[in-house]
Structure formats: structure tokens, C-alpha cells
Amino acid sequence: MKSDAMLRNELRCAAARCVVLMMEHEWPQNWPELFDQLEDIASVSATHAQIPFITLQLLVENVVTLVTVENISRRKDLNNAIASNVPRILHIIHLALRECSVEITDESYSLVRSALDLFSELVEWLPANVLEPYINDLLYTVCSFLETPQHCIYEVAAKCLWRIASRKQAKNEENLVVFALFGDVPMRSILRAANQAASVGAGNVEHYRFLKTLCNVLSALGIHLADVCTQRPPNFGMYLAAIEAFFSHPSVYLRNEAVAVFASLINHEKIGDDEIFSECICRVIISTPNLLEKVGYPSQNGHETCRFSQHDYDDDNDFSHEFTQFRDRCLKVIRSCCTEKHVDLLISIVEKWFISRCLNCPDLVRQTEWDAMQRFSKLVLWECHSRKLLNPNSYKRLNSLFDGMLTLMAKCTSPLLMNNLLSILSTLLVTVGRYPQLLVSLLSQLRRPLSDHVDDDIDEKSVKRHCIALLLRIVTIFADDIKGQAGTILEFCVSIRPFLSLMQLASCMQIIAALSNLCVDFATQNNFLSSALSDSLHYFLQTEIQEVFQSDIAFLTFFGFTSPAPANVAEAAKSSYMLNRRRFRAHLSTLEGIMAQTQSIAPPFHPAYSAFRPVLPAIFLLVKRLNSLYDPKNASVIHISYGPVSIFEITNSERQQLLTCEAFLFWIAAFLTVDSCLSSTARILSDDPGTHARAFLFDVTEKVQVFTPFHVLLISEQQTLIGYFASKAAKQLFSDSEIGSWALFLSCHLTYIPDFRLRFWLRRTWKPFLCACPEAAYHSVRQLLLIVIEELGKRLQSRWKQLAALECSEDDEPSQEQLLVEHMACILTRECTILLRDLFGISDVGDKIDEASCIRNCFLKDEGVIGKIVECMFLCLTYHDATSVVRIIPVCRNVTESLNERCSEGIAVFMLVQSIRSLQIHGADELAVTHLLSLRERFSSLSQVLQQVPECSVEEVERLDRRIASMKYNKDFANEKMKREIMKKLLRTVIAASFFP
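The sequence shown begins at 19 in the numbering used here and counts up by one.
Just so you know, these hints were derived from the structure itself, not from any lab.
Fair warning: this is a prediction, and the values are worked out from it, not measured in the lab.
Backbone N, C-alpha and C define an ideal beta-carbon position, used for all residues, glycine too.
Some clues are possibly wrong.
What the hints assert, rightly or not - Taking lysine-lysine and the DSS-like style, the derived pairs with C-alpha atoms no more than 27 Å apart in a straight line are:
1) 370 <-> 288
2) 642 <-> 501
3) 642 <-> 812
4) 592 <-> 642
5) 414 <-> 429
6) 396 <-> 312
7) 501 <-> 406
8) 370 <-> 414
9) 879 <-> 819
10) 94 <-> 186
11) 642 <-> 886
12) 406 <-> 429
13) 651 <-> 429
14) 429 <-> 396
15) 186 <-> 312
16) 288 <-> 312
17) 350 <-> 429
18) 350 <-> 396
19) 359 <-> 370
20) 812 <-> 879
21) 312 <-> 414
22) 359 <-> 288
23) 359 <-> 406
24) 186 <-> 350
Stated by the list, open to error - Estimated spans, in silico, between C-beta atoms of each pair:
25) 931 <-> 296: 49 to 55 Å
26) 568 <-> 808: 26 to 32 Å
27) 86 <-> 476: 46 to 52 Å
28) 320 <-> 120: 32 to 38 Å
29) 651 <-> 918: 21 to 27 Å
30) 320 <-> 57: 46 to 52 Å
31) 147 <-> 808: 21 to 27 Å
32) 97 <-> 294: 22 to 28 Å
33) 476 <-> 333: 26 to 32 Å
34) 653 <-> 86: 37 to 43 Å
35) 147 <-> 86: 55 to 61 Å
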């Protein structure tokens, strides 16, 4: 090409692509002189010199980074050729960069970019011993371009350094690379450039982007250091000062990158005790409370952080996600600082804030400040208390703060301020264990807000809920310490009953249930709980309520869904239907709360079971009724005033959570969706009738399969009302003569239940119910197990087929509905996997057998049930959700080993076919197939399946048979590594290129 053509960048890139295409076919075997020719091209001019760098960069991307060369043999040859020429390439890069640093022209700047891009592509995967001879010289040269703004060279150089700092290689080899970056020239160059970029502020987008890249370099370097460090690196103090500066920067993005370094280094055995690091961490501790304030939304302009957020985040949700991650990392650092070394500093910070802000001028405290200090104080005080780091003097100081808070509460008239005071007071509850007499003073202050007359003021009701929650926390956490005050607490709860709403009273009953755990014997506890349950049991035993459960129309009519909805708050307050909803929900909450809080004095017998027994038929019948409501015919009887969207549809908040949250965070968010103490009347202030109706059905279903209170959720597994009976009163429940009919109620109308409800029934009800069932009661739950597994199998197949069809037919971005279907399919598949793991007793720790369900041996011998279970679990191997596949493989292996001689040929063939399909879809985890080798010699049809694999001949299958026989003869059959190698060679043509994370 002529020199003038070379001036056009697109032509240079096109020429490079042509050369790469030829190299992929001919190099190195038929083109040994390639590098000499590339050097000849580079010698023509600085413009021509870009072509070799662009060419080599594209080649490395195709062969190493993106792996687009499909032919395995050619890819291997090219990989070896690149590796053997790396020293020459690095020499050329260094030479070009050094020459360009002297000759300053537009062409030389373009050459620098090309050389840096190639070096960035190489440096991530090169072994440290190959880099070692060149690393210092190259780093000095790259760092020299950090002050070259032309053509944005400085940002390209910074990104190159970031890729060096982010290398993922063998730890014992990485010391030299990490320590090279900590050298005088690189470290001072990076920090000087960062200081210049930071001086401009948020107004200059280009400089801020450069600053973020430099921050990424230092953050990656610190995290890398935590992996490889054996001693303090040079310039460590200078480095920590820079990270500390980023931690205090107004940008949340930069703060988050900086705190990631502290979170990585704080627990390092060498660095954690380093004097320089300890001094830095002390300053970080002091800065943290202010930085925990959630300010800087991009939609606002009232804070300096907002200006940076407007560059970094698309909307407030993006900002919230980043800030939550930053806050979690900060709290992780503070938790690690809760040691003897820092306890005095931490306590002094908490004490100073209480005295100077909370007690001295509470009206001036910002809401964001209340929230931040509540998190900080709670973490510090409770962590130090649990680690026994607080001395008598510390408790005495906290006791003084507690008294001051009670005095402040006595004068408080603002519901908003009172809520904040209660939140902050909860962090000081550690003193109650030390000074139980404080409880009397606390009850005195709680009586005033709790004794206010019930009205429709939402803020006042919020204060009451907060007071009850605070008291419940004390009773559950400090049960042993407040035994002497149990009578006082009980009298207090009885005295405030007249002033509580129905839902507040239901919450108060949880306190009474928790107090029952302090009873001296089983009979006393039984009588105590029977008395506490009397009102709610009487409610559910009324003929009117019993009739509500008999049909869908009776249920919908009783709660007013077939009649006109209240048009406003005044109508809602007078509506008998709204009263029905409140009463029903409150009494159901009482039952759930008492089961949640009660711990038996004489397990396995539960003290509340005999009291509950009369209403158990109604509770199980309610499950049947709630599920039958989703029968499509019921939509037509709902009054038109409830809006065009069916009241049986998913709520907006649930929909949003499904689209944005996963795993445990999703379940927590789902709990927070509907405040269990918020009255139905209050909801109408902000909700239309349809939304209110959907929330009511959500609540009632939750009470049958409800979350425990939030603080209990943190220390116990999520359960349902029925799940509580199964786990806490299994002996009594499953020995009941009616258990068979009750179990059938749980299996009714499964086909009607929408996916967004099915997942909760699966996790909260069916799983604990089935896993707690003893062998003797297996035939009572057999039909439920069979129906659940069959429905899951059919539904998951249907959902994944639907998703496959959407992928084939849609080229555009997926809609919200399509994303919802996809997320729901993944969640349902994972819940199915959890059920199967629990049924087979597969532990989350190392995928080992933990404690299998009591009925495992029963369904393994039950051909009708185990066949459906095997079908369901092996189909899970083929669904496009890698998380589920990884977790189901141990279950598949376990069932294969457990069935052994009982495995039929049809099941064996099915298992092998699905396992091979899984390898085609998900990649090379041969554990998905190796457990089937034990069945190979029993069933000849497995050979026919293997022979259908491309390039898998009869001879190779026979060779496999001989290898298996040899392994058994030599007693090597338990060698998993050997079996994996066998299957990898045999099935190499079907294994997908992707790998499990």
C-alpha cells in the first residue's frame, strides 16, 4: 500500500486483518520469515510501524483472548508460536515506545497507542518469568506517557497499567510484578498524574475518566497485593495515602474502589499488623461514619457528590446499587476493626456522636445521618459485645448514653424523631444484658407512645410498631438476662392491649410467645400459650369463618372482592369488608408469630400443638382455597371497581424485585415489600383498590407461608406457618390421624398456581414439610411428593421451551415481560434444585452428604416416585442456568450411586442422554457423566448411546469398556480424576467451549 493510503486508520486496520487471516492459515509452519517482514514494514515510517502492532494485537485476541480460531490444532500451533516470539515482541514494543517518547509527532502518538494496546493484550496472560527481564523498563516507559494528553495517550497508558495490576497468574510468581509497580518511578508517576487529574474536579469529564482509570490501577494493585504479599512493599505509605485520598473523594465510584483495597488488606496476616497500615486504618475508621450517609443521587444537585454521580450512573437505581456495595464494604472493614487494637477508638466515635449530635441537638441531625450512625453504631457495639471486647467501663459509658436517650424520649413529641431515637436506642441494647434493671425505665418510656389512642395517623402507628419490635428484640436476644423481669414485661403487654390495633396486637403476641420460653416446665408453657392463642383460635373456629374456606366464591365474597371497592379512605374505614380483611390478617399473623417465637422446653413435643390442633384442618384447607383462587374462572366474579388488572396478578413490587434482585437479597426484599403490621386501611391512602386487593392476597398467602420477623430471619431459616409445624412439631403433626388428608390439601390446584407464587410454596412449605416427614408417615405424603415433582418437571420444561422459542424468534432487546419470564424460570429451577438437594441431604459445604430427609430411603425404593424424581433432576442438567446445573450434579451422582442395582435400563439411558446434552450446552464438567460409568457394564444400550456421539467409534467404546474393567480389577474405580479424563477423551466432540464458573 502507498504511504498516503497508510494515513487512513481504517485502511491500516483492514490491512492488519488481512495479514492475521493469512497468519491463521500459514504461520508459523509455512511463513517463518513473518517477523522479519513485519520489521521491514515498521522501518518504512511511524505510520507503517502501526501495522505490525495492530496485526499482532488482533492475532493475540483471536488465539488467546477471544479464542475465535475454531480448529484446536491450529489454535495450539499459533499459541505456541506467539509464546515463543513474546521476547521479540516485547523488545519491539519497548523500542517503539522509547523512540516515540523522543520524537513528538501525530504519527508517533498513533504508534504509541498501537504499541500500548498490544502490550495490554499480552500482559494479562504472560507468565511472570517471561515478563521479568522487561517489566521494569517497560513500566518506566509506559509511566512516562501518563502525562501525555495528546490523542488521550495518558488514558491508554493508565489502562495498560491497570491490566498489569489485574493479572490473574500463579500467586508465587506475581511478587515481582506487584513489587515492580510499587517501585519509585511507577508509583510516583501514577500518584503525580492522579493528583493533577483530581485537581480539575467534576467539570472536566475527560480528566475525571482518567482519574477513575488511575484509581482502578491502584485498587487492582492493592487487591493483588493482598493475594501475594509476604512483606511490606516499597512506597507502601505513599500508596496508602493515595487510597485514603480516593476513599475521602466526593465520588462514590472512587470511594468504592478505594474501600475494596482496605477490605482486602485488613485481614492479611502481615499487612493487617503493619504499623503504617494500622495508622491509615485509624483515619479510615474516623472518616467512615460521615461517608456512610447516602447522599449524591444523580437526579439531585444539593451535594458535590451529585455532580460526579451524574457522570457515573444512568439513574438513581444505579447509584443506589453502587452505594449499597460501598456501604457493605465499609461495614466489612469496620467489622474487621472490632479488635482490641481499635475497640477504644470505635467506642469513642460512637460515644462522641451520641453526646454531640443525638443528645445535644437531635433536631439538627439529618435523616441520612440517623441512618448512617444507626448502622455504624449497631455494628460496632454488637460486634464488640459478641467478641467480649467491652470492659466494665465501656458498659458504664454506654449505660450513661442509654439513660440520656430515655430522658430525650420522655420529651419527644415528634413521631419521626421518636422513630429515629428508637432506631438508635436499639444499638445500645447491649447494655440491657449487663444492666437488666434498665428494662423498667425503658418500659416506662415505651408506655407513653404505646398508650396513645389508636387512630389513622401512620406516623403514630409506625412508632408503636417500632416500640413493639424493640421489646421483642430484647425478649428474644436477652432471654436469660431478663428472666427476673418476665412478669413485669407480661403485665406491660397486657396493660397496653386496649390501645393497640389488630395488627399491633398480633405483633405484641409474639412478645408473649417469646416469654413462654422462660416457663419452668412443659405444662406451664402449654397453658400459657393456650391462653395467648384463645382469641385467635376462637376466631377461626367460628362457623362464619369455617364457611369462608369452603368455596372460592365464599372466600371472595366475605372479603368484598365481588362488591364495589371503597372509593376513599372514609368509606374504607367504615367498610365491613375492610374490617373482615384486617381481622383475618391479624389473627393469622398471631398464629404465625406465636409459632415463630416459641421454643419447646421438652422437644420434640411442641407446647402449642394441642392448642393449635382444632384449627389445623382450617389452616390446611386455607392452603387449598388460596391456590384454587387462581382458577381462571374466578377472575370473572371480581367487581369491576378493582380495575382492569386482575387482583390475582403479580404485584408491582414483586415484579420489580424479580427483575432486579437474586438469591437471598431477593427473598429479603420480598419480605420488605409489604409491612406485616401496616393496616389495610392505611394502605388505601396510597393504593388503588386493585393494588390494595393484590397486597391483601399477598399478605394472607404470606401468613400461611410467611416470613419470620426480620430480626429472626437473620438467625433462623425462613419458614411458613405449616413449615413451622413440620420443623418444630413434626412428631405430633405426622402422627396425627388426619395428616394424609392435610397433605392432599397442600397438593390441590398446583396447576393454577402462577410461577411467582409457586416458588414460595416450594421453598417455605413443601420443602420443610416433606423433609421433616418421618419414614413411618411416608405413604401419607407420597401423593404430595409425586404431584409436586411432576408439576415442577412439566412446568420447567414448558418454561425453558418457551424461552428457547423467544430466543429464536426475537432479535431485538428483550422486553420487561420476557426478562420476567427468564428470571422466573431461573429462580424456579434453582428452587427445584434446592428441594432435590435437601431431599437427598446434599450439603452446601463441599457438596457432601449431610442429613438426608427421613423419607429418602422410602422414595428410592418407590419406582413410581423415583422415576419422576430422576426425570426432573436430569432435565435440570439441560436447562440454561449454570448455577442450577452445578448444584444438581452432586444430586445426580448421589441418586445414581443410591439406585445401583435397582436402576432400570430405561432410566440409565435417559440419565446418560441428558448428561451428554448437558455437556453440549454447558461445557466440560465431566462429573456430569462419570458417575454413570458404574452402569456401563450392566446395560448394553449405553454403548449404543455413546456410539451416536460424533467421532466416537465402536472401537473407542470397546476401549472404554476395557479401561473400566481394568480400573475395577486394579481397584482404581474410585479415582474421579481418572474417570474424568476417560470421559473427556471419549466425549471431546460434544463438549461445549464454555466452562462452568
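Okay, the hints, checked on the actual structure:
{"no.": "1", "hint": "370 <-> 288", "result": "32 Å, violated"}
{"no.": "2", "hint": "642 <-> 501", "result": "42 Å, violated"}
{"no.": "3", "hint": "642 <-> 812", "result": "21 Å, holds"}
{"no.": "4", "hint": "592 <-> 642", "result": "30 Å, violated"}
{"no.": "5", "hint": "414 <-> 429", "result": "24 Å, holds"}
{"no.": "6", "hint": "396 <-> 312", "result": "17 Å, holds"}
{"no.": "7", "hint": "501 <-> 406", "result": "22 Å, holds"}
{"no.": "8", "hint": "370 <-> 414", "result": "15 Å, holds"}
{"no.": "9", "hint": "879 <-> 819", "result": "32 Å, violated"}
{"no.": "10", "hint": "94 <-> 186", "result": "21 Å, holds"}
{"no.": "11", "hint": "642 <-> 886", "result": "24 Å, holds"}
{"no.": "12", "hint": "406 <-> 429", "result": "34 Å, violated"}
{"no.": "13", "hint": "651 <-> 429", "result": "57 Å, violated"}
{"no.": "14", "hint": "429 <-> 396", "result": "24 Å, holds"}
{"no.": "15", "hint": "186 <-> 312", "result": "34 Å, violated"}
{"no.": "16", "hint": "288 <-> 312", "result": "33 Å, violated"}
{"no.": "17", "hint": "350 <-> 429", "result": "36 Å, violated"}
{"no.": "18", "hint": "350 <-> 396", "result": "13 Å, holds"}
{"no.": "19", "hint": "359 <-> 370", "result": "19 Å, holds"}
{"no.": "20", "hint": "812 <-> 879", "result": "23 Å, holds"}
{"no.": "21", "hint": "312 <-> 414", "result": "32 Å, violated"}
{"no.": "22", "hint": "359 <-> 288", "result": "15 Å, holds"}
{"no.": "23", "hint": "359 <-> 406", "result": "13 Å, holds"}
{"no.": "24", "hint": "186 <-> 350", "result": "24 Å, holds"}
{"no.": "25", "hint": "931 <-> 296: 49 to 55 Å", "result": "60 Å, violated"}
{"no.": "26", "hint": "568 <-> 808: 26 to 32 Å", "result": "27 Å, holds"}
{"no.": "27", "hint": "86 <-> 476: 46 to 52 Å", "result": "60 Å, violated"}
{"no.": "28", "hint": "320 <-> 120: 32 to 38 Å", "result": "50 Å, violated"}
{"no.": "29", "hint": "651 <-> 918: 21 to 27 Å", "result": "48 Å, violated"}
{"no.": "30", "hint": "320 <-> 57: 46 to 52 Å", "result": "59 Å, violated"}
{"no.": "31", "hint": "147 <-> 808: 21 to 27 Å", "result": "58 Å, violated"}
{"no.": "32", "hint": "97 <-> 294: 22 to 28 Å", "result": "43 Å, violated"}
{"no.": "33", "hint": "476 <-> 333: 26 to 32 Å", "result": "28 Å, holds"}
{"no.": "34", "hint": "653 <-> 86: 37 to 43 Å", "result": "52 Å, violated"}
{"no.": "35", "hint": "147 <-> 86: 55 to 61 Å", "result": "28 Å, violated"}
In this structure, the hints that do not hold are numbers 1, 2, 4, 9, 12, 13, 15, 16, 17, 21, 25, 27, 28, 29, 30, 31, 32, 34 and 35, in rising order.
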